[in-house]
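Here the protein sequences line up with chains Y and V, keeping their order.
With the numbering used here applied, the first sequence corresponds to residues 97 to 741, in that order.
With the numbering used here applied, the second sequence corresponds to residues 97 to 741, in that order.
Please note: incorrect hints may appear among the correct ones.
Repeated chains share a single entry, so a pair holds when one copy, or any two copies, can fit it.
In the DSBU-like style, the derived pairs of lysine-lysine whose C-alpha atoms are separated by at most 30 Å in a straight line are [what the hints assert, rightly or not]:
| hint | residue 1 | residue 2 |
| --- | --- | --- |
| 1 | Lys528 | Lys388 |
| 2 | Lys620 | Lys713 |
| 3 | Lys528 | Lys713 |
| 4 | Lys713 | Lys187 |
| 5 | Lys187 | Lys528 |
| 6 | Lys620 | Lys737 |
| 7 | Lys713 | Lys388 |
| 8 | Lys434 | Lys620 |
| 9 | Lys388 | Lys737 |
These aren't lab readings, by the way, just hints derived from the structure by calculation.
Residue strings, one per chain:
Protein chains: 2
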Amino acid sequence: MTLARDVFLVDLPLEDARERFFGALGEPPLESESVGLLDALDRVTARPVVARLSSPHFHACAMDGIAVASSATRGAREGAPVVLRLGSEAKEVDTGDPLPADCDAVIMIEEVEERGDGTVAIRAPVPPGQHVRGIGEDVVASEVVVGARRRLRPADLAAIASTGVCEVEVVRRPRVAILTTGDELVDPSVVEPPRGAIIDSNGVLLAALVMQYGGIAQRYPRVADDEALLLSALDRALAECDVVVVNAGSSAGSEDFTARVFAQRGEVLVHGVAIRPGHPVVLGIARRGGRKIPLLGIPGYPVSAAICADLFLRPVVERFARLDPPAEEELEVVLARKIFSSLGEDEYVRAVAARIDDRLVAFPLQRGAATIAALSRANCLITIPRFQEGIHAGTAVRARALRSRAAIERALLAVGSHDVAIDLLAAAVAAKNIEIVSANVGSIAGLVALAGRWTHIAGTHVLDPQSGTYNDAAIRRYGPREDVALIHFAQREQGLIVARGNPLGLRSLRDVAERSARFVNRQKDAGTRILLDVLLTREGIAADALVGYDRIEFTHVGVAALVADGSVDCALGIRAAASVLGCDFVPIAREPYELALLARDLEDPRIAAIIAALHSKELRDEVERLGGYDCSHAGEVRIVKAERN
Amino acid sequence: MTLARDVFLVDLPLEDARERFFGALGEPPLESESVGLLDALDRVTARPVVARLSSPHFHACAMDGIAVASSATRGAREGAPVVLRLGSEAKEVDTGDPLPADCDAVIMIEEVEERGDGTVAIRAPVPPGQHVRGIGEDVVASEVVVGARRRLRPADLAAIASTGVCEVEVVRRPRVAILTTGDELVDPSVVEPPRGAIIDSNGVLLAALVMQYGGIAQRYPRVADDEALLLSALDRALAECDVVVVNAGSSAGSEDFTARVFAQRGEVLVHGVAIRPGHPVVLGIARRGGRKIPLLGIPGYPVSAAICADLFLRPVVERFARLDPPAEEELEVVLARKIFSSLGEDEYVRAVAARIDDRLVAFPLQRGAATIAALSRANCLITIPRFQEGIHAGTAVRARALRSRAAIERALLAVGSHDVAIDLLAAAVAAKNIEIVSANVGSIAGLVALAGRWTHIAGTHVLDPQSGTYNDAAIRRYGPREDVALIHFAQREQGLIVARGNPLGLRSLRDVAERSARFVNRQKDAGTRILLDVLLTREGIAADALVGYDRIEFTHVGVAALVADGSVDCALGIRAAASVLGCDFVPIAREPYELALLARDLEDPRIAAIIAALHSKELRDEVERLGGYDCSHAGEVRIVKAERN
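Can you make the complete structure from the sequences, with help from the hints?
If you want it as structure tokens, here you go:
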């Protein structure tokens, strides 16, 4: 590669890009196929469905009772009933029976007096047609049962069946070619992918999105970074599919061939859209035998791919399939933290939202375009329009729900210090349909969020240097001005996470400083960082004596991963993080990990379920198996009283 | 059969029935199965999905540029740049490349000055970790990627794939046995079902509903009305399925075996619920090897079956599958007509709704429990609680959307006189994503609805006896007090619909009266009935000289069906209705069929599309092929000016 590159990427505003692309695409031709009724569920009718038979196809009795000729009941009244002979003048019928010959009405069983001598008495005249379902009452043969362009629901299918029709002409689903490119891509099933190999998760992402949109995903073998190979793969896709998606290579680097091959087979309409993530999109159209085949070059970062697909691929599939866009649940959420954004780009921010009191609170998550897991964890998406530089905390904004409203409404938000055991707790209460959504911000930021009613729960472990005790002082200083409940989760070991075999023989922080071991720290206000500072002060070690004191990671497992990889020699963290990454561990301290919440929230049944789970042997055993946890007091609750002043 | 029957049906209020049944059912055991990623779309995780690999699984460059040791940039500033040798001290990298050994930061290409001598100048120090995606930045191996009880979206599947996992443990879908019973049932594919045979549309209905709810539908061969046969079918279903549905035989008649066989294999908890339609429901539970198998006896009328399934079967499937109920779109609709209802039953009324000005107007449809086509045509469902005797016209009520909100919002309501050609018009404009929903109430009621702004369009053909002209007088009398536009649809023939071969040799209404031919009439205020009365007056024939003048049907095809079936000898109606039913036709009059609407609505682009369609040769030809239509003036618009007073 070379530092010089073809820069022909011009970021268009989203609306302009849409207009250019969809304007050129127009309305794809309507193509249909005939399918059986159950296969037609959720498909769209290509033309009206016409009844083959009338429904009912005979005059049917609509009540249990007797069928009569209405003329025979003329003049009947209370004092002068008409008496009819059963079997000849009055015929016993059940609902659904054909109306007997010479009868034109049915009298309900409740209104018939059986006289015991084979006759019945009728005390009121009946009009012709009473309680009779005439031929075609519901549908007449040759009438339209279900109109064109209807998405077929079960009742539609039943209505069609009731008229003797077993096949429906529905709109053909578009076949979407998914071409993934890149020398470095490997399948998720590869046991040990080599360093530098990128696991192809976009193939799954795009195929699943196409299915969700209502198309048929056709995946092709991965293509290496070679223009000629990509061109021949594109030709095959153009011959076999209605829509072509190429992922990735949509940018303007030396190995980004997408725009070039599109230009060789069709017209490139858009290269670059002012959105973040997702800006290096290529949109074009190829023509094959009078048909327009949309070409979409989707960027490689997974979050970019998901967002671009939603903006451009979904409407394409919907146009071919004649589907309405699904109803999107719009939420009004209040931002728990300020979001920055750059002018000139529409920015899509993933967030977790939960209801706290009368508002939906949203915590923004990691914003890297590569963090597909953060997109998976998100339950809503906030758009910052391109003329805004950001949004202040406390602002109410519109967000698009990424999960069902019910799931968002029942979510419990846990914001604060990260502990892997939280995942086990979440799994335990998930069985009770309680969902814990979390954002990792560190202990103190969690307590501040609790004070502002921005979270239900704050996971916390903050050492008070003066008293040597945990959490109470921090709650008084940063937490809510009302009674706080602390639910004990576990006593856990903090210590040095070191490479397997502890090659530098590190036994203490002093060793770390003296041997200039490469260290990685946690972010400010993280409980573990506060512990580090207290320990350094106690030992009389200056912060800058640690190489890497300023290098920051945000989670226990994050620092352990750096140790495991050899990027650093050590970090302070919990034993469980060391053990999941295969690192060694030198214990230095024990600390309680507690869940802080407003005392009044102890009434919330979801909190009660959490406490119950913490008392259960299953969860305790599972957490202790992580290593370094003592759960013998899990679920104990103590109250930190608000200071009255 | 006998008139006496076992009456042990007791209608419980809906909430009591639910509590009894779902309380006894409890939470079904969680069972899971392992499926590939794309098969897991929309499934629910049975347990947390744990990362096999970290993502990324190596330190990766997050920008195109150069990788450096951050320590080498210390002290760099604008006036004193640090110069690094390319290839050794500074390595060119692309996004996604592994971070080269001895490097811990990446500098963006835009911030690097190439000096042309194989070196680059750096003008600011960089911190360690800059533009580096550390191992596990997104997910760390052994961490939870996706929690338990999550409905899997494409982003979740991609997040799972990105951690090297290719299979997911998801909640098993419940298998629902669908047993349809009844001697009279025949398959929809039967070419000519015998009189009395009922086309089994409920099998399709229930199977499609189970699929929609998230279960697996297992259909069994139809069972005859025989207790022993039903019992053995039930035993097979109990052995093979998680849930058993029997349809029908859920009432208390002599051939209604459902409750009896349920009682022999389990416990019947509910027999009869105070809902309409749908009250004869049987709900029970069987036990097989420590498992509870819910038993549902669903009534046979299709609309009853659909409503019962929604109330009882859907929650059962959702409990097994651990699915949230789908978000239901709630609408506020204003009732266009009064609905009556009986005290003591929750009643479900099908309706068509459309937006007119600032409100959603809803027209109730046919209420027979057998009219599945009316349920199919409905786009919303109104519930009348059991303590109400009805709802007045003009009342705003909550309704459940049966189609997407978008489809309801774009619907055009056509209420008034029935004409089969309307279906062809609807199909023509459906291609432009315009949906016409209609309710047939007759010409005058349509004009009254137009005056009250209860409909967009009123199909009309009303003869003024004084002037002998159509529609203008009726619009002045019943229509809106503002300018009305009349869009000409067709000139059509009205006449006598008679049996094939015209066996009674009827040539005129006088023949009908003199030969005492059995006649069927249209409802009051229908344009055809007004025409009849005018013709009778002209000919000097008394109304009661017609046998059947008081017998009423609501549509042209409805009367033709009675003629075709031999129930009556003749009726007045349009030629097209006669021809679709294979009847003969004796022309008597020609009349314009016109679409009335507010003149100001001519600006509505949907109306413009209708006018354009009426001008098209395709639609005109199609309508004229029905027989008896002359479309040469279709699409012409005239205005009936409001009378100023």
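Hints, one by one, checked against the model:
no.: 1; hint: Lys528 <-> Lys388; verdict: between (50 Å within a copy, 19 Å between copies)
no.: 2; hint: Lys620 <-> Lys713; verdict: neither (35 Å within a copy, 75 Å between copies)
no.: 3; hint: Lys528 <-> Lys713; verdict: within (17 Å within a copy, 62 Å between copies)
no.: 4; hint: Lys713 <-> Lys187; verdict: neither (70 Å within a copy, 53 Å between copies)
no.: 5; hint: Lys187 <-> Lys528; verdict: neither (58 Å within a copy, 53 Å between copies)
no.: 6; hint: Lys620 <-> Lys737; verdict: within (27 Å within a copy, 77 Å between copies)
no.: 7; hint: Lys713 <-> Lys388; verdict: between (62 Å within a copy, 27 Å between copies)
no.: 8; hint: Lys434 <-> Lys620; verdict: within (18 Å within a copy, 67 Å between copies)
no.: 9; hint: Lys388 <-> Lys737; verdict: neither (70 Å within a copy, 48 Å between copies)
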